[in-house]
Amino acid sequence: REEAAAAAMLSLDFLDDVRRMNKRQLYYQVLNFGMIVSSALMIWKGLMVVTGSESPIVVVLSGSMEPAFHRGDLLFLTNRIEDPIRVGEIVVFRIEGREIPIVHRVIKIHEKQNGDIKFLTKGDNNAVDDRGLYKRGQHWLEKKDVVGRARGFVPYIGIVTILMNDYPKFKYAVLFLLGLFVLVHRE
Amino acid sequence: LRKNVEDFTGPRERSDLGFVTFDITADILNGKISIFDWNVKQLFLYLSAEYSTKNNALNQVVLWDKIMLRGDNPRLSLKDMKSKYFFFDDGNGLKGNRNITLTLSWNVVPNAGILPLVTGSGHVSVPFPDTYETTKSY
Numbered sequence: 113r114e115e116a117a118a119a120a121m122l123s124l125d126f127l128d129d130v131r132r133m134n135k136r137q138l139y140y141q142v143l144n145f146g147m148i149v150s151s152a153l154m155i156w157k158g159l160m161v162v163t164g165s166e167s168p169i170v171v172v173l174s175g176s177m178e179p180a181f182h183r184g185d186l187l188f189l190t191n192r193i194e195d196p197i198r199v200g201e202i203v204v205f206r207i208e209g210r211e212i213p214i215v216h217r218v219i220k221i222h223e224k225q226n227g228d229i230k231f232l233t234k235g236d237n238n239a240v241d242d243r244g245l246y247k248r249g250q251h252w253l254e255k256k257d258v259v260g261r262a263r264g265f266v267p268y269i270g271i272v273t274i275l276m277n278d279y280p281k282f283k284y285a286v287l288f289l290l291g292l293f294v295l296v297h298r299e
Numbered sequence: 002l003r004k005n006v007e008d009f010t011g012p013r014e015r016s017d018l019g020f021v022t023f024d025i026t027a028d029i030l031n032g033k034i035s036i037f038d039w040n041v042k043q044l045f046l047y048l049s050a051e052y053s054t055k056n057n058a059l060n061q062v063v064l065w066d067k068i069m070l071r072g073d074n075p076r077l078s079l080k081d082m083k084s085k086y087f088f089f090d091d092g093n094g095l096k097g098n099r100n101i102t103l104t105l106s107w108n109v110v111p112n113a114g115i116l117p118l119v120t121g122s123g124h125v126s127v128p129f130p131d132t133y134e135t136t137k138s139y
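Just so you know, the protein sequences line up as chains A and B, in that order. Going by the working numbering, the first residue of the first sequence is number 113, and it counts up by one from there. Going by the working numbering, the first residue of the second sequence is number 2, and it counts up by one from there.
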């Protein structure tokens with residue numbers, strides 16, 4: 113009986129230890145998670161500063177620039193004011209009042225002495241220029257509409273973002289798995 | 002790189018419209034090495050006209066473009082091409098404009114990586130006549 117009692121006490125102690133250890137480990141993992149999120153945010157903000165663009169990486173959403181870019185390709189942008197807008201460049205712009213960025217090529221520019229510029233865009237794969245897409249009565253784009261200029265790209269990778277947008281269940285599954293992985297992973 | 006052009010302007014109520022026909026002879030090669038290396042998916046070629054007017058210090062208009070895929074013939078020999086897009090000025094700056102520069106440029110589209118814009122060497126200066134053409138058809 114004494115042995116049984118001693119064994120019972122030992123196991124209780126052990127359980128306590130384990131519970132305590134788990135709590136500490138849990139806090140540790142949560143802090144780890146927080147650090148990873150902060151680092152990611154810092155990298156993103158850093159990119160915004162270096163490139164001058166509010167959205168330095170965008171995903172191509174339509175096929176209007178095929179065969180160069182397809183839906184799901186990832187574009188890297190810069191938006192430095194010192195770089196003038198010239199024809200042939202691929203710009204990413206937003207139409208006033210609309211959220212979705214459009215990736216097309218500049219085909220016409222008219223620039224005044226003081227630097228004011230108005231320009232027209234067209235998708236490589238479209239038969240007509242973008243005037244039909246602009247706001248009612250708007251015939252040209254201006255510098256303020258530009259999110260950035262495409263300087264480089266990587267194919268296919270952005271398809272994950274499109275999938276997450278089109279299938280919200282997929283997005284939740286990805287986030288859940290990520291969270292689980294970070295919390296459970298031991299360094 | 003050689004271009005021969007013939008042009009005239011047509012009167013429009015608000016803006017000059019230019020008509021240009023041209024020939025392009027081009028060799029997209031870098032000596033013996035083709036620009037189409039393992040990482041070049043295609044070239045987006047375009048002919049642009051650059052000029053300045055009273056209204057605007059700098060104007061650039063793309064007159065014609067073409068996509069050249071890896072595997073296409075890198076030699077271009079086009080004759081008597083009409084501009085693909087309407088050459089509208091923002092105002093009436095084409096009439097009598099002596100100095101319109103036509104340049105051939107291209108955007109290199111890689112399989113993955115940087116997207117450079119290259120301007121071809123060799124450009125042609127084109128003067129527009131002082132009067133509008135009302136009789137010519139295009």
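In short, the hints are calculated from the structure, not lab data. Mixed in with the good hints, there may be bad ones.
[Unchecked claim] Here are some, though not all, of the chain A residues that point toward chain B, as calculated from beta-carbon distances under 10 Å:
no.: 1; residue: Leu138
no.: 2; residue: Tyr140
no.: 3; residue: Val218
no.: 4; residue: Lys224
[Stated by the list, open to error] Here are the simulated DSSO-like cross-link-like pairs (lysine-lysine), alpha carbons at most 27 Å apart as the crow flies:
no.: 5; chain 1: B; residue 1: Lys80; chain 2: A; residue 2: Lys224
no.: 6; chain 1: A; residue 1: Lys224; chain 2: B; residue 2: Lys42
no.: 7; chain 1: A; residue 1: Lys230; chain 2: B; residue 2: Lys85
no.: 8; chain 1: A; residue 1: Lys230; chain 2: B; residue 2: Lys55
Note that the Cβ used here is the ideal one computed from N, Cα and C, for glycine as well.
Results for each hint:
Nearest Cβ of chain B to the Cβ of A:Leu138: about 41 Å, over the 10 Å cut. The hint is violated. Because the smallest distance between the Cβ of A:Tyr140 and any Cβ of chain B comes to about 38 Å, over 10 Å, the interface hint for this residue is violated. A cut of 10 Å between beta carbons decides the hint on A:Val218: the least distance to chain B is about 8 Å, and the hint holds. Against a cut-off of 10 Å between C-beta atoms, the interface hint on A:Lys224 holds, since the closest Cβ of chain B lies about 6 Å away.
Distance hint between B:Lys80 and A:Lys224 is unfulfilled; the C-alpha atoms sit about 34 Å from each other, more than 27 Å. A distance of roughly 36 Å separates the Cα atoms of A:Lys224 and B:Lys42; the hinted pair therefore is violated under the 27 Å criterion. Between A:Lys230 and B:Lys85, the direct Cα distance comes to roughly 21 Å. Compliance with the 27 Å bound is thereby established for this hinted pair. Distance restraint check for A:Lys230 and B:Lys55: the Cα-Cα separation of roughly 16 Å lies within the 27 Å cut-off, and the hinted pair is therefore satisfied.
The structure does not agree with the numbered hints 1, 2, 5 and 6 stated previously, though it agrees with the rest.
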